Amino acid sequence: MVADVFHSVAAKYDVMNDLMSFGIHRLWKRQTIACSGVRQGHKVLDLAGGTGDLTAKFSELVGESGQVILGDINDSMLRVGRDKLRDLGRVGNIEYVQMNAEALPFPDNSLDVITIAFGLRNVTDKDKALRSMYRVLKPGGRLLVLEFSKTDNEALSKLYDFYSFNILPTMGKLVANDSESYRYLAESIRMHPDQETLKSMMEEAGFEQASYQNLTGGIVALHRGFKF
Amino acid sequence: MWITLLTAVAESALEQLLNKEPALAVQLAATQHKTLAVTLTDLELCCALHYVGEQQGKARCFVYGNYQDQADCHITTTLSTLQELSDPSQLTRLIREEKLDLEGDLQLAQSYSKAFAGLDIDWAEHLSTHLGDAPAQLLVAQCKQAKQRGASHLSILKRTVTQLCQDELNVAVHPLEVRQFKTHTRQLAQQLAALEQRINALSEL
Chain U
508 MVADVFHSVA
518 AKYDVMNDLM
528 SFGIHRLWKR
538 QTIACSGVRQ
548 GHKVLDLAGG
558 TGDLTAKFSE
568 LVGESGQVIL
578 GDINDSMLRV
588 GRDKLRDLGR
598 VGNIEYVQMN
608 AEALPFPDNS
618 LDVITIAFGL
628 RNVTDKDKAL
638 RSMYRVLKPG
648 GRLLVLEFSK
658 TDNEALSKLY
668 DFYSFNILPT
678 MGKLVANDSE
688 SYRYLAESIR
698 MHPDQETLKS
708 MMEEAGFEQA
718 SYQNLTGGIV
728 ALHRGFKF
Chain L
2 MWITLLTAVA
12 ESALEQLLNK
22 EPALAVQLAA
32 TQHKTLAVTL
42 TDLELCCALH
52 YVGEQQGKAR
62 CFVYGNYQDQ
72 ADCHITTTLS
82 TLQELSDPSQ
92 LTRLIREEKL
102 DLEGDLQLAQ
112 SYSKAFAGLD
122 IDWAEHLSTH
132 LGDAPAQLLV
142 AQCKQAKQRG
152 ASHLSILKRT
162 VTQLCQDELN
172 VAVHPLEVRQ
182 FKTHTRQLAQ
192 QLAALEQRIN
202 ALSEL
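As they're listed, the protein sequences go chains U and L. Going from the first sequence to my numbering is simple: count from 1 and add 507. Going from the second sequence to my numbering is simple: count from 1 and add 1.
Just chain U, same shape as in the assembly:
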């Protein structure tokens, strides 16, 4: 089901992201990069990296001595990301790997930073995925989870619900000719654990100093955890 959704939306993914979030997703991703602490020579995994927005920035930050791996379970998304980044001239320090977040194909203690932006809610066994991420991170490494979350502002919540269940599928129908995928998006957001639950899940997986910051009133939250 999830795979079909992303096969369907891959081609229009960037356009729809800009339309749906009014471009704010770029600011959310900027904040993720600012909190990543990525430096020259780092090895970074952009998990569920989709069309490679974060990968593009990370590839500049890690330089020639570093490496960025754009990982996604969906080959259509990966292909769109690879084409986009190659068109931008980002070659040399980026690898594209089709992978399952629940069983990451990397040795233990091998990555400096892992980011997963708007991807964790689509993972079937989130606890297993978090444990897998913890395993492959180096001591001192960090995980950043950027994901839709719960807003505690009642007025904003009502507005957001109306937007998600009425306007979003219509936009999906008009732009990507696919309203079902965007209905799934709204539903999957509601099913995703709230800020505190996800923080506890990260702690249970072994992450230390787990914390989160709400962005845009809690519509999105950025969780961060370290492996020491």
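Hints were generated in silico from the structure; no laboratory data involved. No experiment lies behind these values; they were computed from the predicted model shown. Among these hints, one or two may not hold up.
[As the list claims (entries may be wrong)] Chain U stretches covered by chain L per the calculated footprint, using a threshold of three residues with CB under 8 Å from any CB of chain L: (1) 526 to 539; (2) 543 to 552; (3) 565 to 577.
Just so you know, even glycine gets a beta-carbon here, dropped at the ideal spot from N, CA and C.
With chain U held as given, fit chain L onto it using these hints.
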């Protein structure tokens, strides 16, 4: 989110500047892949600048807001002191005067300061591609004149305000005098009240 938006705008402007002024990019070559963080204590804000260098023929940099990580050089100061940093030679004086706290690579701060202080943007050259040579030259000359006039007016205004303040200070009553006047008034009021009581007592007789 506003800080993130502002840093995005700053980053975009800085990248444009780096690409239009190759001399700046050359001067910043030594700072490549190094992070300079600045904490402004009065604004409770920590921003960081990370110059990446040339990528696909374009100079790239990152400007972070609310920076929380280790930087190669970390300056802690106030907004007003930051303006003095445009002169690299002032750096050690400001540290000695404890107006500025610097952790990490001093040379990195000096490199950034020197690169931006020595920046001389040829606006006419850049504008000429959009407006043509003559209008661009004219516009820049007019702007320079306006800037000079503005600076001159500002200087006159500063002098006038300073003079006014000094004049006012000369005729203004000193706080000690005000306190003395208050004490006298209070004493007079007490004497008046006593006198009133005596008059009342006498009139009752």
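>> Under 8 Å between beta-carbons, do enough residues of the region 526 to 539 of chain U, three at least, approach chain L for the coverage claim to hold?
In response: With 5 residues in contact (Cβ-Cβ under 8 Å with chain L), the coverage given for the region 526 to 539 of chain U holds.
> Taking a Cβ-to-Cβ distance below 8 Å as contact, does the region 543 to 552 of chain U have at least three residues touching chain L?
Replying inline: holds (count 3)
> Are 3 or more residues of the region 565 to 577 of chain U near chain L, judged by a Cβ distance of less than 8 Å?
Replying inline: As far as the region 565 to 577 of chain U goes, the hint holds, because 3 residues have Cβ atoms under 8 Å from chain L.
Every hint from the earlier list agrees with this structure, and none is contradicted.
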